[in-house]
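Heads up: the protein sequence lines correspond to chains F and U, in order. Take the first sequence: its letter number 13 is residue 13 in the numbering used here, and every next letter is one higher. Take the second sequence: its letter number 105 is residue 197 in the numbering used here, and every next letter is one higher.
In case anyone wonders, no lab produced these hints; they're calculated from the structure. We put the beta carbon where it would ideally sit given N, CA and C, even for glycine. None of the hints are false.
No more than 30 Å apart at the CA atoms, straight line, and that leaves these computed lysine-lysine pairs for DSSO-like:
1) K57(F) with K177(U)
2) K25(F) with K148(U)
3) K25(F) with K430(U)
4) K395(U) with K38(F)
5) K57(F) with K214(U)
6) K25(F) with K140(U)
7) K25(F) with K335(U)
8) K38(F) with K388(U)
Partial selection, computed: residues in chain F whose CB lies under 8 Å from chain U:
9) Q11
10) I14
11) Q17
12) L18
13) R20
14) E21
15) R26
16) P28
17) A32
18) I33
19) I40
20) D47
Sample of chain U residues with no beta-carbon within 12 Å of chain F, all distances over it, derived:
21) A181
22) G202
23) K214
24) S233
25) N235
26) E255
27) S259
28) T264
29) E299
30) Q302
31) F400
32) R433
33) L436
34) G439
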Amino acid sequence: MDMMISNLQQQRQITEQLRREAAVKRIPVSQAIQDIIKYIREREMEDCLMVGFSSQKANPFREKNSSFCLCLSFCLVIKLTRIKYQLLRYFD
Amino acid sequence: MKDCKSYSVAPPLADIALRNIWNLDMALDVNTRSETVELLSREADCLKHKLEEERKKLNDVTLANVAERLEEVTFLNIKPRRLLKGNQAKMLCCDWSPDKRHIVSSSQDGKLLIWDAFTSAKEQTVTMPTTWVMACAYSPSGNLVACGGLDNKVTVFNISNPEEDPSAKKKTVGTHTNFMSCCLFPNSDQQILTGSGDATAALWDVESGQMLQSFHGHTGDIMSIDLSPSEIGNTFISGSCDKMLLLWDMRTGQSVQSFEGHLSDINSVKYHPSGDAVASGSDDSTCRMYDLRADKEVAVYSKESILFGVNSIDFSVSGRILFGGYTDYTINAWDSLKCERVSLLYGHENRVTSIKLSPDGTALASASWDASLRVWA
Numbered sequence: 001m002d003m004m005i006s007n008l009q010q011q012r013q014i015t016e017q018l019r020r021e022a023a024v025k026r027i028p029v030s031q032a033i034q035d036i037i038k039y040i041r042e043r044e045m046e047d048c049l050m051v052g053f054s055s056q057k058a059n060p061f062r063e064k065n066s067s068f069c070l071c072l073s074f075c076l077v078i079k080l081t082r083i084k085y086q087l088l089r090y091f092d
Numbered sequence: 093m094k095d096c097k098s099y100s101v102a103p104p105l106a107d108i109a110l111r112n113i114w115n116l117d118m119a120l121d122v123n124t125r126s127e128t129v130e131l132l133s134r135e136a137d138c139l140k141h142k143l144e145e146e147r148k149k150l151n152d153v154t155l156a157n158v159a160e161r162l163e164e165v166t167f168l169n170i171k172p173r174r175l176l177k178g179n180q181a182k183m184l185c186c187d188w189s190p191d192k193r194h195i196v197s198s199s200q201d202g203k204l205l206i207w208d209a210f211t212s213a214k215e216q217t218v219t220m221p222t223t224w225v226m227a228c229a230y231s232p233s234g235n236l237v238a239c240g241g242l243d244n245k246v247t248v249f250n251i252s253n254p255e256e257d258p259s260a261k262k263k264t265v266g267t268h269t270n271f272m273s274c275c276l277f278p279n280s281d282q283q284i285l286t287g288s289g290d291a292t293a294a295l296w297d298v299e300s301g302q303m304l305q306s307f308h309g310h311t312g313d314i315m316s317i318d319l320s321p322s323e324i325g326n327t328f329i330s331g332s333c334d335k336m337l338l339l340w341d342m343r344t345g346q347s348v349q350s351f352e353g354h355l356s357d358i359n360s361v362k363y364h365p366s367g368d369a370v371a372s373g374s375d376d377s378t379c380r381m382y383d384l385r386a387d388k389e390v391a392v393y394s395k396e397s398i399l400f401g402v403n404s405i406d407f408s409v410s411g412r413i414l415f416g417g418y419t420d421y422t423i424n425a426w427d428s429l430k431c432e433r434v435s436l437l438y439g440h441e442n443r444v445t446s447i448k449l450s451p452d453g454t455a456l457a458s459a460s461w462d463a464s465l466r467v468w469a
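Construct the complete structure from the given sequences, taking the supplied hints into account.
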């Protein structure tokens, strides 16, 4: 008896769930997709992870010593080119 | 004596009469009920058929086809920016503070850590009297964190004062009958929504610890929940080991829509920022997207070379990029429209368990079994 009643309750739940789902208003997939695409396209330009930052300063997680690194690499490049020129002159 | 006799006769008579009525009633009841079971299941079959037909009728295009003409997401310049080294324990969950700077993490050894993501420093440590703290979440004010796991409970800590030991102001808000897998504060510090291994979700009042609403419908462990990003925010989605996603109405406690398609446990669910679609990540090594208004699966994100399960997913601010944290130690970035992989973030040395976009969308935090958190930007 108990089993019958619990079966009934279970079945009632399943059917009620389906009734609710059947009552849901649906739109065509094409329209839903258009709306998603529109939403994304309107916001893509502000999506930092997608288009990056307008300047690295805007990135709160930029390397703290990035400017320092940049200086260092600049110095290195200048030094190297100097050495290269010296070498060239030497071989000439 | 007379009274006694009449009494001794009367009750059985009444009893028999009553029993007869009761029997008759039961018989009738069973009769009508057995009929109803049949009727109900027949109606259910009809409804299922009707639903299938309708979904098929409205399925006029595929997302990948429509998105073909869009330009590609070319060069994602996302790099590992911070490494937050924890103790030896596996990290299980992480969440951003609304201040966009702090991160809370929970781990297998029962430690709750509050990090400053800018400086990579550990700011506060809370030790829980349990292991496997599978979920943690910041409240909208940033003053409270909720967490729980194998202790079946959701516990709230006040972390607003860094000088004070947070465990001094600890509050157990709710208890499930199985592990708690996920939790979040829906819109205010006053309520907590939890999902559990007992296949139910529940809404709790933080102050009184009362259960305000419970959500029954899943037949397997609930692994993940997410709140609708719309202003009203009265619906949420849940993903479960029964391979189903259910959409719930928080006020009535009823499930409004259901989605199936995954071939294995669903580990993570997330709303698209537009609020009109939801995505899920599963042990079947795919992510999928479902549109709520078309009431249908619209995209599958998978690749033959990806064999391991997805543990956690999140969208970028625009919703164009879907990030997934995988068991194969990687984070894959998918173009949500073209359904192609656009980047692979490699850095973790073990399973990626949780990934979260920062509140302003400038960074992605990931937690891993390699006992560390990473911040990507």
